[in-house]
Amino acid sequence: MGSDANPLEALYREVILQHYQHPRNKGRMEDAAATIRLTNPSCGDRIELFLKTSPDGRVEGITYEGQGCSISQASASMMTERIRGLSLDEALELAERFHQMLRGDAEAAKDERLGDLVALQGVSKFPVRVKCAALAWEALERSIEQVRSPQS
Amino acid sequence: MDARAVRRHFPILNQEVNGRPLVYLDSAATSQKPLAVIEAVDRYYREQNANVHRGLHTLSERATQALEEARAKVARFINAREPAEIIFVRNATEAINLVAYSYGARLREGDEILLTPMEHHSNLIPWQLAARRSGARLRYIPMNPDGTLDVTDLDRLITPKTRLVALTHVSNVLGTINPVAEIVQAAHREGVPVLVDGAQSVPHMPVDVQALDCDFLAVSGHKMLAPMGIGFLYGKRELLEGMEPFLAGGEMIAEVDLERATWAELPHKFEAGTPDVAGAVGLAAAIDFLNDLGMEAVFQHEQELVRYALNVLREVDGVTIYGPEPPRGGVIAFNVEGIHPHDLSTVLDQEGIAIRVGHHCAQPLTEALGVPATARASFYVYTLPEEIDALARGIERAKEFFAHGIRR
Ligand SMILES: Cc1ncc(COP(=O)(O)O)c(C=O)c1O
Numbered sequence: 001m002g003s004d005a006n007p008l009e010a011l012y013r014e015v016i017l018q019h020y021q022h023p024r025n026k027g028r029m030e031d032a033a034a035t036i037r038l039t040n041p042s043c044g045d046r047i048e049l050f051l052k053t054s055p056d057g058r059v060e061g062i063t064y065e066g067q068g069c070s071i072s073q074a075s076a077s078m079m080t081e082r083i084r085g086l087s088l089d090e091a092l093e094l095a096e097r098f099h100q101m102l103r104g105d106a107e108a109a110k111d112e113r114l115g116d117l118v119a120l121q122g123v124s125k126f127p128v129r130v131k132c133a134a135l136a137w138e139a140l141e142r143s144i145e146q147v148r149s150p151q152s
Numbered sequence: 001m002d003a004r005a006v007r008r009h010f011p012i013l014n015q016e017v018n019g020r021p022l023v024y025l026d027s028a029a030t031s032q033k034p035l036a037v038i039e040a041v042d043r044y045y046r047e048q049n050a051n052v053h054r055g056l057h058t059l060s061e062r063a064t065q066a067l068e069e070a071r072a073k074v075a076r077f078i079n080a081r082e083p084a085e086i087i088f089v090r091n092a093t094e095a096i097n098l099v100a101y102s103y104g105a106r107l108r109e110g111d112e113i114l115l116t117p118m119e120h121h122s123n124l125i126p127w128q129l130a131a132r133r134s135g136a137r138l139r140y141i142p143m144n145p146d147g148t149l150d151v152t153d154l155d156r157l158i159t160p161k162t163r164l165v166a167l168t169h170v171s172n173v174l175g176t177i178n179p180v181a182e183i184v185q186a187a188h189r190e191g192v193p194v195l196v197d198g199a200q201s202v203p204h205m206p207v208d209v210q211a212l213d214c215d216f217l218a219v220s221g222h223k224m225l226a227p228m229g230i231g232f233l234y235g236k237r238e239l240l241e242g243m244e245p246f247l248a249g250g251e252m253i254a255e256v257d258l259e260r261a262t263w264a265e266l267p268h269k270f271e272a273g274t275p276d277v278a279g280a281v282g283l284a285a286a287i288d289f290l291n292d293l294g295m296e297a298v299f300q301h302e303q304e305l306v307r308y309a310l311n312v313l314r315e316v317d318g319v320t321i322y323g324p325e326p327p328r329g330g331v332i333a334f335n336v337e338g339i340h341p342h343d344l345s346t347v348l349d350q351e352g353i354a355i356r357v358g359h360h361c362a363q364p365l366t367e368a369l370g371v372p373a374t375a376r377a378s379f380y381v382y383t384l385p386e387e388i389d390a391l392a393r394g395i396e397r398a399k400e401f402f403a404h405g406i407r408r
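Those sequence lines, one after another, are chains A and B. For the first sequence, the numbering used here assigns the number 1 to the initial residue and increments by one for each residue that follows. For the second sequence, the numbering used here assigns the number 1 to the initial residue and increments by one for each residue that follows.
Please note that the accuracy of each hint is not assured.
[What the hints assert, rightly or not] Below, a list of computed lysine-lysine pairs in the DSS-like style, where the Cα atoms sit at most 30 Å apart:
| no. | chain 1 | residue 1 | chain 2 | residue 2 |
| --- | --- | --- | --- | --- |
| 1 | A | K26 | B | K399 |
| 2 | A | K110 | A | K131 |
| 3 | A | K52 | A | K131 |
| 4 | B | K161 | A | K125 |
| 5 | A | K131 | B | K161 |
| 6 | B | K73 | B | K161 |
| 7 | A | K26 | A | K52 |
| 8 | A | K110 | A | K52 |
| 9 | B | K161 | B | K399 |
Since the hints were made in silico from the structure, they are not lab data. Quick caveat, the model's predicted, so the values are computed rather than measured.
Only chain A is shown next, with the shape it has when bound in the complex (with noise of 0.2 Å):
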């Protein structure tokens, strides 16, 4: 049986288990120029996110805190890994293509600036999951408006 035949192997791929398990850049940031609370009010998923930018605009530190499924917790270690020193541009343009993985988009799922997070391919394929992949990504896209807007 390879891993397309099964669903759930396809949903829950070695790498999703190991950040579920041994998760990177979890904890509170003290100095962040931007910090996002975001809840999934279905289900009860929720997260911190912790952002600091260095002076030439570009991500310097990412963190988070929060619980939820291994789907939720898994993207939000995977995108602070892949997310870490890209330009808040690049950042925000990699959070539209990992959106349109999830939405199933075929073509988005071989950029390679997706790296490791096309393991979280499979989630196109399970609707009600989507949100939980998708949590992290919002609040990045919304600690990069605060980055930008500090008045606010």
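Dock chain B with the ligand against chain A, hints included.
For chain B with the ligand alone, coordinates are given in the frame of chain A:
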């Protein structure tokens, strides 16, 4: 009760989901519908449909009669004194909002509404809004660690400022059956009316509003075999008569001029606009179906399932079960160590098993349990013990899957 025979009346249960026979363990969210209900709705639209109370023609007369017969049937089902004490609404949520708005209109700053920490959001948010409008305060009957209410201090919780007690009869998460009659007695000693959220009790056990002596009872039809979109509010006549309408429009007036209107008699005062007559007809058919089974037998069937499920699930390593010992409602909330309820639900769904996960619209309660979410299996007249076995096997499979990861 022969659940296997009952099942044959439910065509939806006879299907495969993800290649497996459907195991529907989500009846607390909504029940499935027997053929008798589906056919009653079908027949109504084929033979009787017209607007009610308006036309003088024969069809309108028939539709009106169907609606009023349904009302009388609901009244008998819960032993109301008269059909006029039954207001048709969309669901329990709307019934509670009606009371929170119309009865809530008399709330003043400093008044108190007494609730419990195990309320569904439907019986919490309307009171939060009423409190915000009036300056009233929400207070809570405390809960014991086993998920029952601590009513030892009830007399102190019901103060001269208390204007209403609102509580659920059966918890949709813990299955707790609350001592409603006792609480009503205590409240009435202080002249305080009581609203009972009957969404999880009326479908599953005999409920007699005169025996409970509650003042309001809110019920959703869709959880008791009836179609979605029909529900009812029971209210004592004296109270309903003293309340202003909730919604305004056609059907609910006696006389209107350009400046003002007077209200129609009960129950029409609270039924503005065209009602869901087909839904009411379906609800009447659902009540017939339940009466044929007998509500005491329905309750006993669920007690057997709950006992069985508690035994089976307690045998599964790593499973934590919430809520009191039986007798309790036919819902079991639980968690499996190391597996988030979402992930569990996805694995079970692949096995054709439908459960609900999350906070079940009772977020404060989930927080009181100290967990971010729970999984919930819930039962009804068509549920079989084998389905509980299937759930236990599904949980084992999920444990295996997440312990070993994917096939390497
Ligand atoms: C105890 C309780 N109250 C109220 C409701 C609300 O029911 P509805 O959504 O049909 O209005 C529910 C349904 O989930 C419930 O379980």
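These are the hints, each one checked on the structure:
| no. | hint | in the structure |
| --- | --- | --- |
| 1 | K26/A to K399/B | holds (25 Å) |
| 2 | K110/A to K131/A | holds (21 Å) |
| 3 | K52/A to K131/A | holds (25 Å) |
| 4 | K161/B to K125/A | violated (54 Å) |
| 5 | K131/A to K161/B | violated (44 Å) |
| 6 | K73/B to K161/B | violated (37 Å) |
| 7 | K26/A to K52/A | holds (14 Å) |
| 8 | K110/A to K52/A | holds (29 Å) |
| 9 | K161/B to K399/B | violated (52 Å) |
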